[in-house]
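Trainee: Each chain, written out:
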Amino acid sequence: MSQQVKNSITLRGSAQIVCEYLKFAINSVLFQRGLYPPETFKAEQQYGITLLLSEDAQIKNFLTNLLTQSEEWIVNKKVSKLSLIIVNVANKEVLECWDFNVQYEDGDAELSKEMKETVGSKDLKKIQQEIRDVMLQVAATISYLPFLDCRCSFDVLVHAKTNCDIPEKWAEAEPVAIANAQNVQLKTFSTSLHKMETVVSYKLVD
Amino acid sequence: MEHARPPPELSMDGSPVGRADAWKKWKTQFQLFIKAAGVHKEDPAVQASLLINLIGPDGFDVYQTFTFEEETERDDVAVLLKKFDSYFGVKPNITLARYNFFTRNQTEGESINQYVTALKILSKNCGFSSLEEELLRDRIVCGIRNTVVRDRLLRSDELTLEKAIKICQADEISMDCSRQLESDVGRSGRASIDAVQARGRDRGAVGRRWNANSCESRAPASRRGGNAAVGRRFEPRPSASAPATPCPNCGQFCELRSQCFAAGVKCYICRGPHFARMCSNKSKKVYDVCAENYDKDSDSDGGESFFVSIIAKAPQGTYAEDWYETLRGKRKSSFGLVDLETPVKRVRTDSETHTPISPWEIKQNKINLIAAKARIAKLESIVTRQQSIQKEMQILFEDDKAHLMEQHKRDERSVSDMKERVQFITRREQELKEDYNMAIKEHKESKLKWENERNELQKQVAELKDKLLDANVSSKDQLSEMKKDMDELLQALEGAQQEVEILKKEVARQTARAEQCTTLRTQVEKQTLELQTVTNKLKEIEYERDSYKDWQQQVKTAQKRLVNMAELEKEVVRLKATERSLRDIACNKLVLEEQVHLLTTKVEALQPMQQELHDAKVKIATLESALEDWKTAARNHGIESARNLTATLESALNSQLTAVANSSQAGAQLAQLTEEVATLKFERDKATAKLNDLQIVRKNQESLIHRLQKRLLLVTRERDSYRQQLDSYEKELTVTLSGATGAGNTALLSARVEQLEKALQGYRDVLANQDQESQAKALDSARAEASKYREEAEAAKREVSKLKTQRDQLEAHLEKLAAPTKVLHLADNPAAAAQKQMEVDLQSAQEEIKSLKAALREGGSRACPEELQQLRTKLENSRIKLQRMKEEFTSSAQEYRDVCYMLLGYKIDRTGHKNYRISNMYAESSDEYLTFTLCDDGIEMVHTDYSASLGELVELHLHHHHSIPVFLSALTMELFTRTTMQQEITGS
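Line order of the protein sequences matches chains A and B.
Note that the numbering used here has the first sequence beginning at 1, numbered continuously upward.
Note that the numbering used here has the second sequence beginning at 1, numbered continuously upward.
There may be inaccurate statements among the hints.
Under 10 Å between C-beta atoms, here's a sample of chain B residues computed to sit facing chain A [what the hints assert, rightly or not]:
no. : residue
1   : 381
2   : 382
3   : 384
4   : 492
5   : 493
6   : 494
7   : 496
8   : 821
9   : 822
10  : 823
11  : 829
12  : 831
13  : 832
14  : 833
15  : 837
Calculated directly from the structure, the hints in this document are not laboratory data.
The C-beta atom is built at its ideal place from N, Cα and C for all residues, glycine as well.
Based on the provided sequences and hints, a complete structural model is requested.
Mentor: Next comes the structure, spelled out in structure tokens:
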């Protein structure tokens with residue numbers, strides 16, 4: 001019975017946690033990198049810190065579309081990486097790339113056997129603490145990332161498996177590469193079912 | 001269901017309210033009867049006829065007055081009931097009903113249930129609604145006869161109707177029970193018997209025979225008779241004028257036969273219509289029938305009373321002289337609540353028992369009297385209470401009355417208002433009638449007017465018709481004229497047509513001429529062409545002529561050259577001499593040729609070398625090109641290019657495929673290897689374990705061997721020593737045998753001991769040496785083996801780790817190869833949107849630039865010609881204006897100057913900046929002028945030739961008076977006088 005009482009995270013729940021993190025991380029990057037004016041963002045308490053979410057209807061719509069589909073893919077283990085790319089609108093040059101690497105873990109084997117589905121037994125508080133650490137790091141990246149002095153926009157590329165169907169409104173994209181890139185690995189967090197690795201790569205300007 | 005009792009006939013007596021109540025009652029009774037008799041299922045017509053039949057004569061009269069819309073309604077019971085309802089439809093007077101309700105007290109002998117039902121019936125019409133229960137309860141409390149119960153009711157708090165009724169019922173029952181007990185007690189007690197006895201005594205004088213007279217006289221205030229035990233009941237009534245003889249039936253003095261008490265009674269002896277005591281049949285003689293005890297004292301408080309119904313004679317023999325009475329006791333409560341039947345009493349009456357009244361009896365009577373008085377007091381208090389209640393009721397009644405009066409007044413007021421309104425309405429009606437009359441009059445007048453107008457209009461119509469006829473006639477005339485005109489016009493048309501035909505012919509002629517003209521023109525064109533060809537030929541001929549002229553010039557130059565021939569011959573001689581010299585030179589040349597030959601041989605020797613060199617160079621070039629290719633290939637490997645890329649791609653793909661195959665193989669190998677490693681490890685472990693075991697065994701064995709060897713050595717040495725001993729013994733033996741004993745023996749023994757000790761020492765040494773050596777050897781070998789195995793294990797581990805890393809790499813590679821990711825993104829992402837926006841912006845900007853450029857190119861001339869034109873016109877206008885202003889100014893300035901000159905006599909000219917020249921009108925010459933300059937503090941005169949000649953004036957006016965105007969006027973005056981003087985002089 002002690003197993004029942006134990007905290008358990010289902011695959012779906014884990015995917016939701018991951019997607020929530022992605023939402024906040026993407027919004028945070030958009031705010032920190034100044035892609036959109038700061039007055040369009042609204043403060044919200046999450047993970048014990050104040051994070052900013054865009055109020056722009058277009059961005060909101062885009063993110064909800066993206067994250068609902070991504071959640072589905074993450075549940076089905078179709079996605080290996082999500083890349084948030086920041087593009088110079090004028091010449092389509094990729095200036096920054098935020099890679100969110102998703103790795104799939106086995107969770108708690110005993111509990112999974114008992115529950116007859118893959119579940120993890122990590123404490124939610126601990127997960128949120130880990131996510132908070134990552135978010136703080138994301139906020140701190142502004143100190144070393146180069147200043148974006150041109151009109152920029154962003155896009156999110158999902159690195160999915162080849163056997164994955166392309167849903168409506170989605171399209172295949174070219175993989176991006178940043179010339180003279182510098183990679184910075186941020187902290188990772190894990191829900192015991194998914195491990196999220198955040199890497200930011202940016203164009204090094206001499 | 002015929003047993004159901006039909007309702008009695010409807011009585012129409014009393015007030016309308018009473019009648020309505022009666023009707024209501026009758027209606028419910030009728031409906032119940034119908035239901036009970038099962039008629040309600042039958043045809044309504046039957047029910048209707050039953051209703052008419054049962055309602056009685058009065059109701060039938062009412063029925064006759066009804067009018068029906070349809071004849072069928074006459075047979076409808078529902079309609080009839082409605083009709084009767086409306087006929088009797090007087091609303092019950094609530095106030096009266098309430099009054100009835102509030103004044104209804106419990107009557108004597110009425111049980112609580114009866115009283116409550118009566119109250120409930122009364123309350124139905126009072127309209128108490130929600131208050132009904134409470135008022136009922138209050139009414140019970142107030143109206144109940146038993147004061148004890150009332151006290152109890154008043155005492156209990158939160159009294160409800162149900163509770164009140166229960167309390168009353170309980171009280172009733174308890175009273176009954178107590179009475180029963182009392183009666184039971186009284187059966188053996190004396191009190192009741194005494195009473196009977198007392199009465200018996202009273203009546204003793206009359207004897208056993210029942211005396212109706214005395215009965216009458218003693219029952220002046222008769223009351224309702226008690227329940228007869230034998231079912232015979234009668235109620236003696238007071239009669240004003242009783243007949244002299246008693247009734248043979250009842251034995252009383254009844255006035256009429258119908259009022260006889262014994263009416264409808266059967267004697268139980270002979271079945272005749274009289275009481276049994278009046279029966280003439282004496283075989284079963286009833287000696288005494290009934291006697292009621294009416295004690296005057298106990299009468300008012302409703303004390304006990306008895307009457308005897310039958311006294312039968314006992315069978316003869318048993319009680320010869322005893323009479324037995326069957327008594328039915330009746331006890332009345334003070335409020336007559338309950339009728340209680342006491343069991344039949346058997347009282348023994350004896351004619352011999354009458355004795356005079358004893359003092360005890362008197363006492364008893366007195367006690368009774370006191371009790372009665374107390375009761376009277378109680379009753380009086382009840383009466384006062386009742387009165388107070390009545391007063392309250394009266395107050396209520398008066399309130400109601402006042403209320404009703406007020407309502408009445410209000411009604412009257414409203415009636416008066418209504419009357420006024422009616423009057424107002426009637427007035428208005430009259431006004432309206434007047435208006436109506438007026439309107440009718442107007443209508444008539446207007447009608448007349450309109451008729452007149454109509455007549456006039458009809459007349460006009462007739463006139464117009466006449467006019468129309470006239471107009472028709474005139475139009476006919478005009479028509480004929482028009483026809484004539486038409487004919488004329490037609491003729492003219494025909495003439496015009498003829499002319500047209502003529503003109504057509506002419507046109508045809510003209511066209512023919514035009515054709516001729518065209519042919520002529522073609523001919524002319526041909527001729528012009530010919531002319532052109534001729535001119536061309538002419539030009540060619542001219543060109544030929546020119547070439548011919550050139551030829552002539554060339555011929556002339558050739559002739560000139562022929563003249564120079566002689567000089568050429570001379571030159572030939574000179575050339576021959578030179579030839580000779582050249583031959584000499586040729587001889588020298590042979591020598592040189594030999595040298596050349598030598599050199600050529602050398603050259604030939606050198607040529608292969610050169611060839612080799614050349615080949616080497618070529619090789620170097622090819623190598624360089626190859627190198628360059630490689631370099632380019634290397635360069636192109638990173639960057640995309642056409643052919644090399646494809647080649648490299650293909651090769652890469654091939655290599656990938658091979659790599660995949662390799663990787664799979666490698667994976668398999670790896671797996672195998674890992675398995676092998678595992679097995680090897682296992683085996684190794686096993687082997688090491690075995691080895692250890694074996695080593696231990698070997699060590700043991702070796703030690704054993706050593707021991708055995710040592711033992712063997714020991715044994716051999718022992719054997720040797722034994723042999724030596726044996727030898728020595730033999731020797732000794734021989735010695736002893738030989739005869740030499742004694743000293744020789746001891747020497748031998750000591751020698752032997754030494755030998756033995758030596759041998760022992762040797763053994764020990766051998767033992768020690770052998771042990772050490774063997775142990776060291778074993779240890780060394782074991783160590784060496786162990787180290788060897790360790791090395792092997794390490795090597796295996798290293799190999800394992802290497803293989804692992806390799807496996808990981810290969811796996812990663814495999815993953816990459818096996819599951820290459822597909823990059824997906826949302827089609828309408830912000831980047832795309834921004835891109836689009838950018839493109840749109842760019843396009844619009846470019847378009848704007850284009851348009852602006854175009855505008856710029858077209859320039860100001862066409863940019864806004866209207867504006868330009870306007871500006872030009874404005875400019876022109878302003879110029880003109882300026883000119884006009886100038887003209888105006890110059891003219892006005894001239895005018896001003898002229899006026900100044902004429903008025904002041906000075907002509908002022910501005911000669912420069914702030915310099916003014918003044919010349920007087922009367923000046924003799926133009927040289928006579930003065931100049932002034934404008935200073936900060938006024939105007940100053942500048943020295944001139946002329947001013948020098950005016951020293952006096954200057955001195956006087958300027959220096960002395962400091963006034964220029966005065967100076968100028970003085971000058972004017974002087975000049976004027978001078979001119980006049982001159983004139984005068986000339987004149988004179």
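Trainee: Against each hint, give a clear statement of whether it holds in the structure.
Mentor: Verification of the hints:
1. The interface hint given for residue 381(B) is broken, as the beta carbon of that residue sits about 83 Å from the closest beta carbon of chain A, more than 10 Å.
2. Proximity of residue 382(B) to chain A is violated relative to the hint, the smallest CB-CB distance being about 83 Å (cut-off 10 Å).
3. With its C-beta approaching chain A no nearer than about 85 Å, residue 384(B) sits outside the 10 Å limit, and its interface hint is violated.
4. A cut of 10 Å between beta carbons decides the hint on residue 492(B): the least distance to chain A is about 87 Å, and the hint is violated.
5. The restraint placing residue 493(B) at the interface with chain A is violated, with a minimum CB-CB distance near 84 Å, outside the 10 Å limit.
6. For residue 494(B), the interface hint is violated, since its Cβ never comes within 10 Å of a Cβ in chain A; the closest pair sits about 88 Å apart.
7. For residue 496(B), the suggested interface contact is broken, since its CB lies about 84 Å from the closest CB of chain A, more than 10 Å.
8. For the restraint placing residue 821(B) at the interface with chain A, the shortest Cβ-Cβ distance is roughly 4 Å, inside the 10 Å limit, so the hint holds.
9. Taking 10 Å as the C-beta cut-off, the interface hint given for residue 822(B) holds, the closest approach to chain A being about 5 Å.
10. The interface hint given for residue 823(B) holds, since its Cβ lies 5 Å from the closest Cβ of chain A, which is under the 10 Å cut-off.
11. A cut of 10 Å between beta carbons decides the hint on residue 829(B): the least distance to chain A is about 4 Å, and the hint holds.
12. Below 10 Å, beta-carbon pairs count as interface contacts, and residue 831(B) has one with chain A at about 4 Å; its hint therefore holds.
13. Hint on residue 832(B) holds. Least Cβ distance to chain A is approximately 7 Å, under the 10 Å limit.
14. With a least beta-carbon distance of about 7 Å to chain A, the hint placing residue 833(B) at the interface is held under the 10 Å criterion.
15. The interface hint given for residue 837(B) holds, since its Cβ lies 8 Å from the closest Cβ of chain A, which is under the 10 Å cut-off.
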